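Asks: Chains as they are written, first to last, in my numbering: chain U, 114 to 204; chain L, 42 to 358.
I should point out that these hints are in silico values taken from the structure, not numbers from a laboratory.
Quick caveat: nothing in here was measured; it's all calculated off a predicted structure.
Careful: at least some of the hints might be erroneous.
[Claimed, not checked] Quick list of the computed label-pair ranges, beta carbon to beta carbon:
#1 Glu-179(U) with Ser-238(L): 16 to 26 Å
#2 Gln-133(U) with Gln-255(L): 22 to 32 Å
#3 Gln-133(U) with Leu-228(L): 41 to 51 Å
#4 Ala-169(U) with Ser-209(L): 23 to 33 Å
#5 Thr-273(L) with Gln-133(U): 54 to 64 Å
[What the hints assert, rightly or not] Examples of chain U residues toward chain L, derived with CB under 10 Å:
#6 Lys-139
#7 Lys-147
#8 Ser-149
#9 Asp-164
#10 Arg-181
#11 Glu-190
[Said to hold, decoys possible] Anything over 10 Å on all C-beta distances counts as not near chain L; from chain U, calculated:
#12 Gly-144
#13 His-153
#14 Phe-168
#15 Thr-185
#16 Val-189
Cβ atoms here follow ideal geometry from the backbone N, Cα and C, with glycine treated the same way.
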Amino acid sequence: MPVTAALIEGRSVTPPKEPQAPVLVKVTRRGHGKISTGVHDRTYGDELYADGETFAVAGDIAEELEERGFVTFVPVEVAPVSKEKTKIKDE
Amino acid sequence: MAVPSNTQMTYATIGVREDLENNIYKVSANLTPFTNMIGKASVNQPYHEWETYSTRAAATNANEQGDDTAASASEQPVRVGNRTQIFKDGGTISETTKATVVAGQSDTEAWQKLQKSEGIIKDIEYAFLTNQASVTAAGSTAPKLGGFQAWITSNVSRGSGGSSGGFSAGTVAAATNGTQRPFTEALLKTVLASSFSNGASNISYALVSATHKQTFSAFTGIADIRAEVKGTNQATIYAGADVYVSDFGSLTVVPVQYPLTRDVLLVDPSMWSVGTLRPMKVEPLAKTGDGSKFQIVAEKTLICRNQKASAVIADLS
């Protein structure tokens with residue numbers, strides 16, 4: 114992290130958060146109509162996710178939403194690794 | 042040219058008096074723009090409450106001649122409240138320091154009190170504008186007031202995954218930040234339109250960070266920025282906008298030095314006020330040695346008269 118004048122002077126600065134990898138979450142009943150999709154309608158305001166909807170969001174945001182009981186994490190199934198050995202041909 | 046030998050120079054002179062100005066120059070442009078623009082009220086206990094109400098939506102209202110009149114359901118106001126927060130700072134100054142002549146400070150103790158008071162005033166503004174949940178005092182828990190960004194739930198534009206806080210059962214919850222996106226004029230216009238439709242008809246200030254102030258100044262609107270250069274005068278470059286005339290009224294853009302970094306607050310100042318339980322006061326503390334101790338304390342809350350009157354554009358990069 115570069116040293117800035119603010120850090121040297123001991124000024125209070127909020128360091129930018131490192132972007133976190135997105136995770137998949139599912140909206141709970143409690144979170145129905147509480148989480149923004151990021152789209153704002155000029156008549157109705159923010160469009161909100163409904164109960165049961167699934168969406169991807171940065172890990173830190175997901176954790177906060179989960180703490181509030183608005184979402185649950187969706188386990189991502191990892192495809193099983195093939196047991197067949199891959200033969201590498203020498204050319 | 043040569044300097045004659047044995048010429049006494051200042052740098053070899055003993056006893057040159059120091060030339061230290063008897064002034065101290067301070068930087069603090071506009072300490073508290075939000076606190077300055079809103080109202081003031083007295084509160085009587087650490088939990089202050091008030092009621093809010095919105096008129097119902099308009100509908101067709103036409104009746105037959107001689108028709109009997111039925112009563113419609115009576116709408117009740119919503120009761121909301123906020124906690125007070127105790128702001129304080131202290132100082133200790135030795136009796137020797139008090140007796141010493143110091144440049145720029147005719148009274149060293151008074152100087153300390155002044156600069157600490159200014160710090161508290163800034164802390165109050167910080168608490169008001171930040172996304173801070175209210176906290177009820179309990180045991181070793183310090184009470185906190187719910188800040189502006191925590192209050193607003195009706196007129197918000199958040200990034201994906203963002204969620205509003207708001208008042209519920211005696212507490213104001215903080216909002217959850219969403220995914221950041223660029224601040225654009227289109228975004229401002231849609232929020233102004235939806236807020237107006239939702240009852241915010243008197244938004245007159247936009248509080249923005251320095252970065253977003255510059256972004257704001259680049260909004261083109263329908264402006265034609267040209268100025269006539271007369272004679273041999275130099276041209277002036279206009280690169281800043283302080284007022285944005287929207288379809289719903291003029292918006293004065295106020296850059297704030299803290300704490301906004303990712304949010305733009307659209308404010309109707311008539312719907313906010315500072316609630317004071319204890320005004321800021323300097324109190325001497327018990328003497329425990331060869332020095333003087335004091336504390337400066339204030340207890341305040343933020344009164345959001347109706348959160349529907351203001352708006353937040355959150356999660357901006």
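Asks: Give a verdict on every hint.
Replies: Status of each hint after checking the structure:
no., hint, in the structure
1, Glu-179(U) with Ser-238(L): 16 to 26 Å, "violated, 33 Å"
2, Gln-133(U) with Gln-255(L): 22 to 32 Å, "holds, 28 Å"
3, Gln-133(U) with Leu-228(L): 41 to 51 Å, "violated, 24 Å"
4, Ala-169(U) with Ser-209(L): 23 to 33 Å, "holds, 28 Å"
5, Thr-273(L) with Gln-133(U): 54 to 64 Å, "holds, 58 Å"
6, Lys-139, "violated, 13 Å"
7, Lys-147, "holds, 5 Å"
8, Ser-149, "holds, 4 Å"
9, Asp-164, "violated, 14 Å"
10, Arg-181, "holds, 7 Å"
11, Glu-190, "violated, 22 Å"
12, Gly-144, "violated, 8 Å"
13, His-153, "violated, 4 Å"
14, Phe-168, "violated, 7 Å"
15, Thr-185, "holds, 14 Å"
16, Val-189, "holds, 17 Å"
Figure legend: structure checked against the earlier numbered hints; hints not met, in rising order: 1, 3, 6, 9, 11, 12, 13, 14.
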